[in-house]
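K.L.:
Next come the chains, spelled out residue by residue.
Number of protein chains: 2
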Amino acid sequence: MATFYGIGVGPGDSELMTVKAVNTLKQIDILYAPKAHNDQPSVAEKIASPYFSEELTVKRRRFPMVKDLSEKQASWRAIAEEIVADVKAGHDVGFITLGDASVYSTYSYLLDIIGDQIAVETVAGISAYSQIAAATSIPLVLDDELLEIIPATADMSLIDKAVDINDNVVLMKVATHWSEIFELLASKKLLNQAIVIVNASMANQQQFKVAELTKETKLPYFSTLILKKKYQF
Amino acid sequence: MATFYGIGVGPGDSELMTVKAVNTLKQIDILYAPKAHNDQPSVAEKIASPYFSEELTVKRRRFPMVKDLSEKQASWRAIAEEIVADVKAGHDVGFITLGDASVYSTYSYLLDIIGDQIAVETVAGISAYSQIAAATSIPLVLDDELLEIIPATADMSLIDKAVDINDNVVLMKVATHWSEIFELLASKKLLNQAIVIVNASMANQQQFKVAELTKETKLPYFSTLILKKKYQF
Numbered sequence: 001m002a003t004f005y006g007i008g009v010g011p012g013d014s015e016l017m018t019v020k021a022v023n024t025l026k027q028i029d030i031l032y033a034p035k036a037h038n039d040q041p042s043v044a045e046k047i048a049s050p051y052f053s054e055e056l057t058v059k060r061r062r063f064p065m066v067k068d069l070s071e072k073q074a075s076w077r078a079i080a081e082e083i084v085a086d087v088k089a090g091h092d093v094g095f096i097t098l099g100d101a102s103v104y105s106t107y108s109y110l111l112d113i114i115g116d117q118i119a120v121e122t123v124a125g126i127s128a129y130s131q132i133a134a135a136t137s138i139p140l141v142l143d144d145e146l147l148e149i150i151p152a153t154a155d156m157s158l159i160d161k162a163v164d165i166n167d168n169v170v171l172m173k174v175a176t177h178w179s180e181i182f183e184l185l186a187s188k189k190l191l192n193q194a195i196v197i198v199n200a201s202m203a204n205q206q207q208f209k210v211a212e213l214t215k216e217t218k219l220p221y222f223s224t225l226i227l228k229k230k231y232q233f
Numbered sequence: 001m002a003t004f005y006g007i008g009v010g011p012g013d014s015e016l017m018t019v020k021a022v023n024t025l026k027q028i029d030i031l032y033a034p035k036a037h038n039d040q041p042s043v044a045e046k047i048a049s050p051y052f053s054e055e056l057t058v059k060r061r062r063f064p065m066v067k068d069l070s071e072k073q074a075s076w077r078a079i080a081e082e083i084v085a086d087v088k089a090g091h092d093v094g095f096i097t098l099g100d101a102s103v104y105s106t107y108s109y110l111l112d113i114i115g116d117q118i119a120v121e122t123v124a125g126i127s128a129y130s131q132i133a134a135a136t137s138i139p140l141v142l143d144d145e146l147l148e149i150i151p152a153t154a155d156m157s158l159i160d161k162a163v164d165i166n167d168n169v170v171l172m173k174v175a176t177h178w179s180e181i182f183e184l185l186a187s188k189k190l191l192n193q194a195i196v197i198v199n200a201s202m203a204n205q206q207q208f209k210v211a212e213l214t215k216e217t218k219l220p221y222f223s224t225l226i227l228k229k230k231y232q233f
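Protein chains in written order, with the UniProt record's numbering: chain A, 1 to 233; chain B, 1 to 233.
This is chain A alone, in the form it adopts within the complex:
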């Protein structure tokens, strides 16, 4: 039966794709992929491209990164309609997404629109935070501990509560809210229990102890903070 596959391609290194993701890519007829701003292949497409079959048709589509939700939804709806039409015409169709297909992924919005119109299968991928833990050989969570994943764009009062109840907190996208995050950790005397990983799994990966930064530090966009209360970094 013709199927739509949502494929997580992992955080950056083509080797971090699963065997299933590779086999799925080799088997599909049509691949939908996000288009980068300059009309170039997206990061996800660059990761997946070593595994493309010669017969694969790649359809690059723009997913607008704008604040206007209705503009985004109109784009998603149009792309979802194309996908449904391709699958109903008998093609196996894929969509690639960075990291894990179920974690902060555009694929989830497509899935929501597509519903049960066609057969769907999701192929899990390595998430950015999983690779950050691996790249630094720091355990994310142990025993009966809790693990929280939060984007720093969330409400600061929620972040405050989450920091209080969790042993382990992954704070994503910390660059844009760095001074508030830094002050929050300082006020809770947790600076020594946190590190920031910049450009994880890329050639220019860096790691900083938060205690050695200040609230004025300018961090690159791809910066993730890991707080481990039972650790001393």
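Treat the hints loosely; a few may be bogus.
Identical copies look the same in the list; a pair holds intra-copy or inter-copy alike.
In the PhoX-like style, the derived pairs of lysine-lysine whose C-alpha atoms are separated by at most 20 Å in a straight line are [what the hints assert, rightly or not]:
#1 Lys229 <-> Lys161
#2 Lys161 <-> Lys188
#3 Lys46 <-> Lys218
#4 Lys173 <-> Lys67
#5 Lys188 <-> Lys230
Source of the hints: derived by calculation from the structure; they are not laboratory data.
Fit chain B to the given chain A structure using the hints.
P.N.:
This is chain B only, laid out in the frame that chain A set:
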């Protein structure tokens, strides 16, 4: 340089291993693997074995599943010493672990003991909760939402607080604390926002709406609950 590799083999299907995990397995000389209770290969070894090279030496070791921490630590220490000796003798050595090597993994304890005695590299794997989301095509987390991972063996007051502040909660090992978890969700009127996945990614996978269960339901050991407050299951 001879290196110790901690390799996450994913949740069950050999295809859910990463290409990097496969390539690492093919390249190492010695593999340490947990031994199952009946002296048979463990689940992790069964998952990884299709990729073993003919020259690979597999050293099965028992990791006792007992409450006595000092007994466990003695076992881990002895195995860590063997690993360090093998690497110092010039061998590339691997250790396989179910799911993601950084998430609730015995590998983390070995790593803690080994410290910086030898070169170490961690290879990320698909976690059980990531595969549960994929198998059900349910997004784990979107937008500015929070995601919490908790074992049901954690303190119930922490679970209560975590349920209050998170949009998305993955509750692992719910079978052993089912009646308390069920009552907690019932008291917060969240029964319709939760499902239980049994034996995820195995042949006998099942999915139940929590609203259709009772607090007396007997669930199998491999049961995971997903709560999504913005969903209706």
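K.L.:
Hint by hint, note whether the structure agrees.
P.N.:
Going down the list of hints, with the structure as the test:
Taking the shortest Cα distances, Lys229 and Lys161 sit within 20 Å of each other both inside one copy (14 Å) and across copies (18 Å). In the homo-oligomer, the alpha carbons of Lys161 and Lys188 lie at most 20 Å apart both inside one protomer (11 Å) and across protomers (19 Å), since each shortest distance falls under that limit. Proximity of Lys46 to Lys218 under the C-alpha cut-off of 20 Å is found in neither arrangement, the shortest distances being 28 Å within a copy and 47 Å between copies. In this assembly of identical chains, Lys173 and Lys67 lie within 20 Å of each other by CA distance solely inside one copy; the values are 17 Å within and 39 Å between copies.
Taking identical chains as interchangeable, the C-alpha atoms of Lys188 and Lys230 lie at most 20 Å apart only when both belong to the same chain, with a minimum of 14 Å there against 31 Å between chains.
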